[in-house]
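S.K.: Read off the chains here:
There are 2 protein chains.
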Amino acid sequence: MKLSTDSYKGARDFYPEDKRLQKYLFGVMRAVCERYGYEEYDAPILEPTDLYLQKGNQEIINEQTYTFTDRGDRSVTMRTEMTPSVARMVAGKRQELGYPLRWYSIPQCWRYERTQRGRGREFYQLNVDIFGDASIEADVEAIRIADDIMKDYGASADMYDIRVSSRELLRELLRQHGFDSTMESTITSVLDSYRKPSFDKKRTKLDQDSQTKLIELLDYIQQEDVLQLESGKRLASIIDVLEKQDVKVTLDPTITRGFDYYTGMVFEVFDTHPDNNRSMYGGGRYDNLLEAFGAEPLPTVGFGMGDHTLQCFLELHELVPALQSPTEVYVIAIGQEAVTASQVATELRSKNINTALDSTGRKLEKCIKTADKKSIPFVLFVGETERKENRYTLRRLSTGEEVKGPVDELAQVVFEG
Amino acid sequence: MKLSTDSYKGARDFYPEDKRLQKYLFGVMRAVCERYGYEEYDAPILEPTDLYLQKGNQEIINEQTYTFTDRGDRSVTMRTEMTPSVARMVAGKRQELGYPLRWYSIPQCWRYERTQRGRGREFYQLNVDIFGDASIEADVEAIRIADDIMKDYGASADMYDIRVSSRELLRELLRQHGFDSTMESTITSVLDSYRKPSFDKKRTKLDQDSQTKLIELLDYIQQEDVLQLESGKRLASIIDVLEKQDVKVTLDPTITRGFDYYTGMVFEVFDTHPDNNRSMYGGGRYDNLLEAFGAEPLPTVGFGMGDHTLQCFLELHELVPALQSPTEVYVIAIGQEAVTASQVATELRSKNINTALDSTGRKLEKCIKTADKKSIPFVLFVGETERKENRYTLRRLSTGEEVKGPVDELAQVVFEG
Numbered sequence: 171m172k173l174s175t176d177s178y179k180g181a182r183d184f185y186p187e188d189k190r191l192q193k194y195l196f197g198v199m200r201a202v203c204e205r206y207g208y209e210e211y212d213a214p215i216l217e218p219t220d221l222y223l224q225k226g227n228q229e230i231i232n233e234q235t236y237t238f239t240d241r242g243d244r245s246v247t248m249r250t251e252m253t254p255s256v257a258r259m260v261a262g263k264r265q266e267l268g269y270p271l272r273w274y275s276i277p278q279c280w281r282y283e284r285t286q287r288g289r290g291r292e293f294y295q296l297n298v299d300i301f302g303d304a305s306i307e308a309d310v311e312a313i314r315i316a317d318d319i320m321k322d323y324g325a326s327a328d329m330y331d332i333r334v335s336s337r338e339l340l341r342e343l344l345r346q347h348g349f350d351s352t353m354e355s356t357i358t359s360v361l362d363s364y365r366k367p368s369f370d371k372k373r374t375k376l377d378q379d380s381q382t383k384l385i386e387l388l389d390y391i392q393q394e395d396v397l398q399l400e401s402g403k404r405l406a407s408i409i410d411v412l413e414k415q416d417v418k419v420t421l422d423p424t425i426t427r428g429f430d431y432y433t434g435m436v437f438e439v440f441d442t443h444p445d446n447n448r449s450m451y452g453g454g455r456y457d458n459l460l461e462a463f464g465a466e467p468l469p470t471v472g473f474g475m476g477d478h479t480l481q482c483f484l485e486l487h488e489l490v491p492a493l494q495s496p497t498e499v500y501v502i503a504i505g506q507e508a509v510t511a512s513q514v515a516t517e518l519r520s521k522n523i524n525t526a527l528d529s530t531g532r533k534l535e536k537c538i539k540t541a542d543k544k545s546i547p548f549v550l551f552v553g554e555t556e557r558k559e560n561r562y563t564l565r566r567l568s569t570g571e572e573v574k575g576p577v578d579e580l581a582q583v584v585f586e587g
Numbered sequence: 171m172k173l174s175t176d177s178y179k180g181a182r183d184f185y186p187e188d189k190r191l192q193k194y195l196f197g198v199m200r201a202v203c204e205r206y207g208y209e210e211y212d213a214p215i216l217e218p219t220d221l222y223l224q225k226g227n228q229e230i231i232n233e234q235t236y237t238f239t240d241r242g243d244r245s246v247t248m249r250t251e252m253t254p255s256v257a258r259m260v261a262g263k264r265q266e267l268g269y270p271l272r273w274y275s276i277p278q279c280w281r282y283e284r285t286q287r288g289r290g291r292e293f294y295q296l297n298v299d300i301f302g303d304a305s306i307e308a309d310v311e312a313i314r315i316a317d318d319i320m321k322d323y324g325a326s327a328d329m330y331d332i333r334v335s336s337r338e339l340l341r342e343l344l345r346q347h348g349f350d351s352t353m354e355s356t357i358t359s360v361l362d363s364y365r366k367p368s369f370d371k372k373r374t375k376l377d378q379d380s381q382t383k384l385i386e387l388l389d390y391i392q393q394e395d396v397l398q399l400e401s402g403k404r405l406a407s408i409i410d411v412l413e414k415q416d417v418k419v420t421l422d423p424t425i426t427r428g429f430d431y432y433t434g435m436v437f438e439v440f441d442t443h444p445d446n447n448r449s450m451y452g453g454g455r456y457d458n459l460l461e462a463f464g465a466e467p468l469p470t471v472g473f474g475m476g477d478h479t480l481q482c483f484l485e486l487h488e489l490v491p492a493l494q495s496p497t498e499v500y501v502i503a504i505g506q507e508a509v510t511a512s513q514v515a516t517e518l519r520s521k522n523i524n525t526a527l528d529s530t531g532r533k534l535e536k537c538i539k540t541a542d543k544k545s546i547p548f549v550l551f552v553g554e555t556e557r558k559e560n561r562y563t564l565r566r567l568s569t570g571e572e573v574k575g576p577v578d579e580l581a582q583v584v585f586e587g
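Respectively, the protein sequence lines represent chains A and B.
According to my numbering, the first sequence holds residues 171 to 587 in order.
According to my numbering, the second sequence holds residues 171 to 587 in order.
Everything labelled a hint here was simulated from the structure, so no lab data went into it.
Treat the hints loosely; a few may be bogus.
One copy or two, it doesn't matter: identical chains are merged, so the pair holds either way.
Derived pair list, reagent style BS3-like, types lysine-lysine, alpha-carbon separation capped at 27 Å [said to hold, decoys possible]: (1) Lys375 / Lys403; (2) Lys193 / Lys321; (3) Lys414 / Lys558; (4) Lys533 / Lys263; (5) Lys521 / Lys193; (6) Lys179 / Lys263; (7) Lys574 / Lys521; (8) Lys536 / Lys263; (9) Lys371 / Lys403; (10) Lys371 / Lys543; (11) Lys403 / Lys372; (12) Lys172 / Lys558; (13) Lys263 / Lys172; (14) Lys366 / Lys418; (15) Lys536 / Lys321; (16) Lys418 / Lys521; (17) Lys539 / Lys375.
Keep in mind it's a predicted model, so treat the numbers as computed, not measured.
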């Protein structure tokens, strides 16, 4: 039987050129997070299933997890999101850790979903959280980091829109419009789809009375300055501080962030491109995170950012940079010069130049083609004449331009780029 | 019910200090591989189970995999090793890729094993492979990279021993001592355990005739120069070139590398420490990698290196460096100075200084303690007096030494380290 070369459905292979892009994407995330004093952590991709049976999105738990029984009869689930794992880790060392904790991670998560554009069965998601800081500065910081990441990818302010609201405000609005606490979760979920195609379907599932109240609520928030409400004051301060720090945000009380666990400020970052006008990612404040573990409560604010939607955004706005190979020089041994070629390669490496060595003995043109295919900027030829003269030829593949000289001099050319 | 804060049995949580060590370990691997012109790739952690049902270690397949059926009724297996995945990827683009390919990856792998020292249920394993190069220079390069990695961790030549042999040589030795081809796989596996506690158990399971032949074989390789054999010539050249490049290796015909797929040179790196005198990792040449996919054969040489055994080695030889926080400055807002403190932090960040901001309003001593707990080297105080004078205090936590000045000057102190 011949084995298939396809990867598992909905999961991606990362060939070097794909991995190079991923390293760039993750590199920007890491740089911004660390600039704000966040430290990276990680957790196992397999978790006890119990961890996901608490609060959360029921649809994901019941229909979308990769859950199975291990050989020791334990039910395990492949990570669907990082929040339960990080809550577990923080609860496990609740007393030992120094607060506020600033933590980030870029875990891979798995969900069994219908595969579609911008959504596979696995994705990576940057998670950024500040634990143990109830101040509005922490809310501000989460949004600033999200904003800085967009800017560091080269996005300009008109390409995306950060929409903010808060759960306190939402609760007051719901009460004001006659929804009691039993309806809170349902209406929150309907509002969460306000800018999604599923909104009408979700809305019309409500009873007639709720539909009427919902329309009144939507009218109200369009016409009134909700920040004047008692519950809007904290949100008003957050928006005010952000504006002073040149971070543009839009108040939007329809932003709820689906999940039940949010307790305060919530935000979502939208792509403004007409072909992709949708929410890309978001986050907010969730102060009851450790409850399920019986640990002392901890005020927390954070966000998650998936790699699929990010990549769509960057491609659509033409923000993906041309990425070069990490290899700088391709040394080609001509004829029987493998030993000298190896010495030359070693010398270049000792000068911190990433150098691949081709001692396959193939035709020169074939070797050059290989270097070109890998987008390696320089090739260096080592033949008998070169060895005898101790002068080698360095060719820049983009222009065909050549320099001849001892290794030292050629290394200098490579350094200069 | 109170949820447990334990991670899944046999799997590790990486708190920031653990992740910092991992980043150091992987950073060295990446730097050495890229120095030799290797490019990073990755594959999904879930693979179709069929991929593992071909050649390989039967024990792992039958008893040690995490295998389950997905919601679409496909049998999937969590990656146990990277080789089947990389073979799949290369076979999938057999004609498009430019050879020789130099690829590396640091995937996480899962095996359901009894948990013990240096062995959990998940581990990371550096995989380094050169595809499409049949020359002895490729064999040499694989061993040189393994050697360079050890040196880059600070290991001296007496701390480890690279033992080499080859499957061609092994086959000639087996034939010479009367083992026919049906016994090859069995004896290869017994020899693989020669330096392990399981050797006696495995050996005594053989019939009396095979046991006698095996003893004769072991005597023979101790007394004779096996490199003089016809099948030893290629290995002799590899050893010769390595010696000329100052890489110390030991010939050891008992090295076989268990797996059936090796076809040529094989090597293992041993820890020489008396408390841990065992094989840490290894690799070799395996030229029939793509057979199962019906793709054109491709000469390949590579190795894998697990993170557990590496970490044991570094700890035992006291080679784990003291690792600092990526955060350089901890800005503390005193009293009502959150706005100014935030401006100071922004200014430091704009100078590429990783800066965390503490605007919790806690007692100063508590804030300093937090910075210290996170091994952040500097704290910077922002109070009312400081703001009015536009001069702030920077304290180096290790010595208690303080400097007062505008942000520009303090940034300079941080740069100087």
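S.K.: Need the list of violated hint numbers for this structure, in ascending order.
M.R.: 1, 9, 10, 11, 12, 15, 17
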